[in-house]
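K.L.:
Starting from the known structure of chain A, fit chain B onto it as the hints suggest.
2 protein chains.
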Amino acid sequence: MDERTYTADAEPGDHVTVAGWVHEVRDLGGIAFLILRDKSGKIQVKFEKDEMDEDLVETGLNVHRESVISVTGEVEAEDRAPTGVEMLPGSVEVLNEADAELPLDPSGKVDADLSTRLDNRTLDLRKKEVQAIFEIRAEVLRAVRDYFRSIGSTEINTPKIVATGTEGGTELFPITYFGEEAFMNQSPQLFKQLMVGSGLERVFEVGPIFRAEEHNTPRHLNEATMIDFESAFIDHEEAMDVCEGTLKAAYEAVAENCTEELDLLGYDDFETPDGDFPRLTYEEAIERINATGELDEQLVYGDDLSTEAERALGDDVGGHYFITDWPSEIKPFYIQDYEDDPTTSKGFDLMHPRMELVSGGQREHRYGALVEGFEQQGLDPEQFDYYTKMFKYGMPPHAGWAYGVERLIMTMLGLENIREAVLFPRDRQRLSP
Amino acid sequence: MDERTYTADAEPGDHVTVAGWVHEVRDLGGIAFLILRDKSGKIQVKFEKDEMDEDLVETGLNVHRESVISVTGEVEAEDRAPTGVEMLPGSVEVLNEADAELPLDPSGKVDADLSTRLDNRTLDLRKKEVQAIFEIRAEVLRAVRDYFRSIGSTEINTPKIVATGTEGGTELFPITYFGEEAFMNQSPQLFKQLMVGSGLERVFEVGPIFRAEEHNTPRHLNEATMIDFESAFIDHEEAMDVCEGTLKAAYEAVAENCTEELDLLGYDDFETPDGDFPRLTYEEAIERINATGELDEQLVYGDDLSTEAERALGDDVGGHYFITDWPSEIKPFYIQDYEDDPTTSKGFDLMHPRMELVSGGQREHRYGALVEGFEQQGLDPEQFDYYTKMFKYGMPPHAGWAYGVERLIMTMLGLENIREAVLFPRDRQRLSP
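If you read the sequences in order, they're chains A and B.
Residue numbers for the first sequence follow numbering that gives the first Met the number 0, beginning at 0 and rising by one.
Residue numbers for the second sequence follow numbering that gives the first Met the number 0, beginning at 0 and rising by one.
Just chain A, with the same shape it has in the complex (with noise of 0.2 Å):
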């Protein structure tokens, strides 16, 4: 193709080919201007129909609205043009015309429900303040990454095809592998542990996850993006550190790369957190719930924390904060109890104000304890055979978390639905497009 300049490069004097979507047309009679948008902004290209030719004037003039155009001219500075400068066209070629009738409109002057833009994302995602989002989420994913990086963890990728789920059969989406029962892997969690067994000794992974939760609210999806990390040799307290360290630096590369798009989100004031963030252990969570008096019914130890009594700590906290020392009961068999009170685990939760962001704990490492954890937990250690079995053969002390991308991205943003942090999601009527 022709050599093409971002639009957004097109200096005064220049001779260039942009390309890009119609933005808008606007006819003042002896003079017209179109707006052309591309990645990288937009650009005001000027008819002046006496003076250029008639065909010229035609196409340029008569292209609906976000057909895809390219334009080759020179770039003129001119104050009152939007961007200061402006393009003569002396040719326009119509790639792909679009029709007249369009389901959403990317301008964004009409307001569209969630329905229709994730109906038509392509076209939602014109929008500047969508893109954004996911550049965003982009340059999370490149920081965490970098940032586990720095402390020694290796990439990871693991089967989403299992034969049996984390948890054991509940919420899982079954698949019929040549024949065989399989599911979709609702977390990398048995496939990390294992791991830490081997040389790599600390891993991390971002992939999708699967659960077939009946659930239908703003902040559940079927399918989301996991970031995982586990680290053998290091304790709960240690996989906290990491924890936030993770968050802290996605939000201080969001806040230093994507300064553009936090202005198009209408973020003057975006913050990074900062401070040691406060680790509260389960009963002071729970003592400081019933304090708020924001709940009908006092909690008692054991219950585990419903919506409202999240919302009602997070507002008394202010910040993100952790659980600590869950009860053993409400927490899965792979996470640790203490030695000297067996009913309360070294498992923990990262919680932003608005909800929980990650799980983690200390795992349990000895065989024995593990195969008994499978069985109160009402799973036949049998069919996890092929994981236990690892834990006789030299499985060190270890610990590890996972982060939900999307309740990442929707906290850090302030996003009130789940669905808008992810492309196309998945919830239990949609699975199209």
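It cannot be assumed that every hint is accurate.
It does not matter which identical chain is used: a pair holds within one copy or between any two.
Straight-line Cα separation of at most 16 Å, EDC-like style, residue types lysine to aspartate or glutamate; simulated pairs [unchecked claim]:
hint: 1; residue 1: 391; residue 2: 96
hint: 2; residue 1: 388; residue 2: 96
hint: 3; residue 1: 126; residue 2: 259
hint: 4; residue 1: 391; residue 2: 100
hint: 5; residue 1: 391; residue 2: 104
hint: 6; residue 1: 41; residue 2: 268
hint: 7; residue 1: 391; residue 2: 98
Note that these hints are calculated values from the structure, not bench results.
Quick caveat: nothing in here was measured; it's all calculated off a predicted structure.
P.N.:
Only chain B this time, still in chain A's reference frame:
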């Protein structure tokens, strides 16, 4: 946990705690050596039986091989030790005792077949030369992502649960999705195309793909990791430039940052590809293959290239090369044909002398031609409405391609079997671990 020092960082004069796996114990009578192995390397721990606490000696020398221990003590220079230093233990703690019998020998002294290795990946990956493959794999992913960002490409994640496969109903794993029929996606193809029509323009994804192929060969997997690239406003020639650039970036990063790993794998002459990759048309390729005389039967125009044909041509060319201008009928519907010759497509393959690495091409961006292509391929365009309809609203000309990560690693490192390039392979027979 106690502050832990990697064995490679232990310097004479230090008092440190190291932790890792018991690699070997050599008892020479009055003196004994325990070799402790961790991610960074190995260290010799010396037990002087007459001078040390009896319990300490007993603990250190009776622990099974591959148990996890931590040792605290003094580091001393010792020329006769393999690394030039040794530790005099003040205390030894057994963190997790391994069984006496292991299903696989992590020291590599006893060979194991691939199936046993894959059944016991945790132990297998304690071998430094196996670990090296996955450190290199992680470095390749880092390098290609950096390369993509350097050319203004945004990372995306597209759904793995889909209503329709990229190329229809063949070779798809079916899922039950809340009572509806769905599939595991065989390629991000359609979704990444939808994204080049959005404001993102140029995107990449690294993620799993799923193919229900019945093949059970040393170079096929049913779940693989794909590197996908797609960009608006480029043609197939420019897509090949990016493809070549990505491959070279990966090789150069490995040559620069994985010298230790390459040493372990026995490469003292790891070659990074240089010079422009030859671009043969399909017709030229056929002629050259026939001219080698390696094939029992001469190829004729329209034939797909068999494994034997690829090998014959690969030997003849002797390095990476592209095959361009494929007959339209053996390329999928979304590849564009030449305007002046609709029987020839703008599809291309990147070939390594051993096998195909990449499929790519200029895409069909015109609504009418796209729908026609579906019909010609025997697919119902209605079923793909979520995709085709976006081509009516300003889809730019675009091109792209996809690499299989495992084939890239396999050819880069000269691995015999593609399963060596994936932690937990999925094939016709293997669903666990």
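K.L.:
All hints are to be evaluated individually against the structure, with a verdict given for each.
P.N.:
Results for each hint:
Taking the shortest alpha-carbon separations for residue 391 and residue 96, only the inter-copy value of 8 Å comes in at or below 16 Å, while the best intra-copy value is 65 Å. Proximity of residue 388 and residue 96 under a CA criterion of 16 Å is satisfied inter-copy only: 13 Å between copies versus 61 Å inside one chain copy. Taking the shortest alpha-carbon separations for residue 126 and residue 259, only the intra-copy value of 14 Å comes in at or below 16 Å, while the best inter-copy value is 47 Å. For the homomeric pair residue 391 and residue 100, the shortest alpha-carbon distance between copies (10 Å) is at most 16 Å, but the shortest distance inside one copy (65 Å) is not.
In this assembly of identical chains, residue 391 and residue 104 lie within 16 Å of each other by CA distance solely across copies; the values are 14 Å between and 60 Å within a copy. Taking CA atoms no more than 16 Å apart as the test, residue 41 paired with residue 268 passes in neither setting, with 26 Å inside one copy and 50 Å between copies. Taking the shortest Cα distances, residue 391 and residue 98 sit within 16 Å of each other only across copies (6 Å), while inside one copy they are farther apart (65 Å).
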